[in-house]
Amino acid sequence: MAITYLLGSLTYGGLLFLLTSGFCLIFGIMRVPNLAHGSLFMVGAYVGVAALRAGVPFALALLAAGGAAAILGAIFEAAVLRRIAGDENAQVLATIGLAFVVGDGILAVWGGNPYRAQAPHALQLSFRMFGAVFPAYRVAVLVIAVLSAALLWLLIERTRIGARLRAGVDDLQMTRALGISAPALFTGVFALGSFLAGVAGALAAPIVSAYPGLDFDILPLALVVVILGGMGSLAGAFAASFVVGGLYIVGPVMLPELAYVVLFLPMAIVMAIRPQGILGRSAP
Amino acid sequence: MFRRLGLIAYVLTLCLGIARADEPRLKIGLLTIQSGPYSAVGDQMEHGFRYYLEQHGQKLGGFNVDVVALDTAGSPATAKSKAEELTQREHVQIVVGPIASTEALAIHDYMRDAQTPLVSSSALAEDLTQRKASPWFVRATSATGQLSHPLGDYAANTLKFKKIATIATDFAYGYEIVGGFQRVFEDNGGVITKKIWVPLNATDYSSYISQIGDVDAVYASFSGPAAHNFLRQYAEFGYKDRVPLLASHSTVDESLLPEMGDDPIGVISSGFYSPTIDNPENREFVRGYRERYKVAPGFYSAGGYMAAALIDSALTGFKGDVADKAQLMQALRAAKIASSPRGAITLDEYGNPICDVEVRKVERKDGVLQNTIVKTYPQVSQFWTYPAKKFLADPVYSRDFPPLRSGDK
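Protein chains in written order, with the numbering used here: chain A, 1 to 284; chain B, 1 to 409.
Okay, chain A solo, but in the shape it has when bound (with noise of 0.2 Å):
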């Protein structure tokens, strides 16, 4: 039983970092407080399942989920998010409205019925250890998540656009008086962003299934994340997101009629205690 609650922390944990490391991004590059990003989740979800009924390779249907939200994403910035650039208040309604039109839109498309999808056929067995019997696929999603947090990391700290990402997190007026374009940086920041929340959703699909309300449902466990790792940090993500995947697989066991509160109340204490999250910065 110790060793299903152990895997099942870590896969959630992993799940929960790909769906948070773009909102993470986001925030720490752009201050946007992004509310739709559980709907661009819900999105990769919808198109991974379609894409991988139209018989394309999983690998491809989480590439053309990413492309649809990094896609829907870079709208939403263009259209919506810079003309209220700086407006906390503003971008929180805005990506709270944004989230509705994509919820609606997406129950006009799809219908309101759950729609499942299969993991790919090679990953569709539950292995046996120890006496436990646990899922293949979820421990692939963990690989895929370590994997995209090294990737990540690899283009934050040792490549030119991560310099300028940096640069932009640091002193956004001083990057743009070097001449870095501020727009194309943040368009594109929020396409990596979105195009993260679009593959981790095509990844849950076959754990969670795509359906109406998977937005709002996953949403609360993104903010938790971020908030317990720091805002912006993609190291406090990191950590945060296997605190809360053990957090959300053993609480509600060790405490059935608070599961809630197991989540919650670290956030809450973290919060009171140190605002900036664990490893986060304090702002400038």
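Note that these hints are calculated values from the structure, not bench results. Honestly, I wouldn't trust all of these hints.
[Claimed, not checked] Computed from the model, here is a short list of chain B residues facing chain A with C-beta under 7 Å:
| no. | residue |
| --- | --- |
| 1 | 37 |
| 2 | 39 |
| 3 | 40 |
| 4 | 199 |
| 5 | 203 |
| 6 | 204 |
| 7 | 206 |
| 8 | 210 |
| 9 | 225 |
| 10 | 228 |
| 11 | 236 |
| 12 | 237 |
| 13 | 238 |
| 14 | 259 |
Every value quoted in this text rests on a predicted model; they were computed, and no experiment measured them. Heads up, the beta-carbon is just placed ideally off N, CA and C, and yes, glycines get one too.
With chain A held as given, fit chain B onto it using these hints.
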């Protein structure tokens, strides 16, 4: 010339108006869900209701029917304001719906005060026809426990299970469906070892499933996407082939089956309806509905259809005034359905159907999943075999009632 034509036209419309006014019409308001995550079930209910009207020339009991459908979005507060709109502005004579029990409970007192008949098409909450029964309320479907009591009997006496763990969504419907199952199963010698509750918006069930422990079977109740994810993870974590699964009707509803793959095969559930019920009315209903909506009717579709059927049979031979809601209500309370897709139905003194309950098993037939009927419990009361007075003296089923008799908490 034109003036004369105009005059003739005017007189003609007047005559038509009078002719129409002579023929009493029945105005029915639907409280359904047309937007948001739950719009699929709202659609199914509305389809079932409108399908019945289409099949009967837009008439119920000989009266031409006008339908006004309003969207509650599944929210109890909105349901209340829409109920007010239907009664005060639209002046409907009968309200059909709402979809969710929370909505039905939210408008229950208002409908009584507004003295407008409410025909429930799907809300199952026990107390609507039990501890909070209202003279202005009838159900066309059933109460929650009414559906799980028979399965408790079936699990103990036919399947001979001794130890069962339950796992269900952590809200009122889950408590009621599990409570009903537990009461009858334990009164027939079974033991519920554990009741596991899963939060409403959970996406991962592994940690809940792994608590099941050593049992003969599991009783589960989920709806919509939760049912999907639970059944899949029950299979993925190796329980499907090891521990038989019993379930509520909602867990394996017809609207979900086409997307479920092999996960639900073998699940035994109980419900008031299945497209496989073998009678002429049902064969015709399933054939026609499938042709019209490309899917077999399930719980909500049958609920909408039965609400229309109930009004139809209540008003057949109705001699009173349809504008008089008290007379309408009296007729609705006395409704008897001699034959329908789900068999014969009479109402008890609380306005709840006494009806057949089917035990079904999910099978794949001709490549399609279906709930095949394995046993019919005829003419089941919402109080099962318990005396109504004794049943009502107990509290309504909840997280802690009935309490576990043994096993760990």
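Each hint tested on the structure:
1. 37: holds (3 Å)
2. 39: holds (5 Å)
3. 40: Residue 40 of chain B check passes; min Cβ-Cβ to chain A is 3 Å, inside 7 Å.
4. 199: Holds, because the Cβ-Cβ distance from residue 199 of chain B to chain A comes to roughly 5 Å (cut-off 7 Å).
5. 203: holds (4 Å)
6. 204: This hint holds: residue 204 of chain B lies near chain A, its Cβ roughly 6 Å from the closest one there, short of 7 Å.
7. 206: holds (5 Å)
8. 210: holds (5 Å)
9. 225: Hint on residue 225 of chain B: holds, closest Cβ of chain A at ~4 Å, below 7 Å.
10. 228: Hint holds; residue 228 of chain B Cβ to chain A Cβ min 5 Å, cut 7 Å.
11. 236: holds (4 Å)
12. 237: This hint holds: residue 237 of chain B lies near chain A, its Cβ roughly 5 Å from the closest one there, short of 7 Å.
13. 238: Result: holds, 3 Å to nearest chain A Cβ.
14. 259: holds (5 Å)
Violated hints for the displayed structure: none, as all numbered hints are satisfied.
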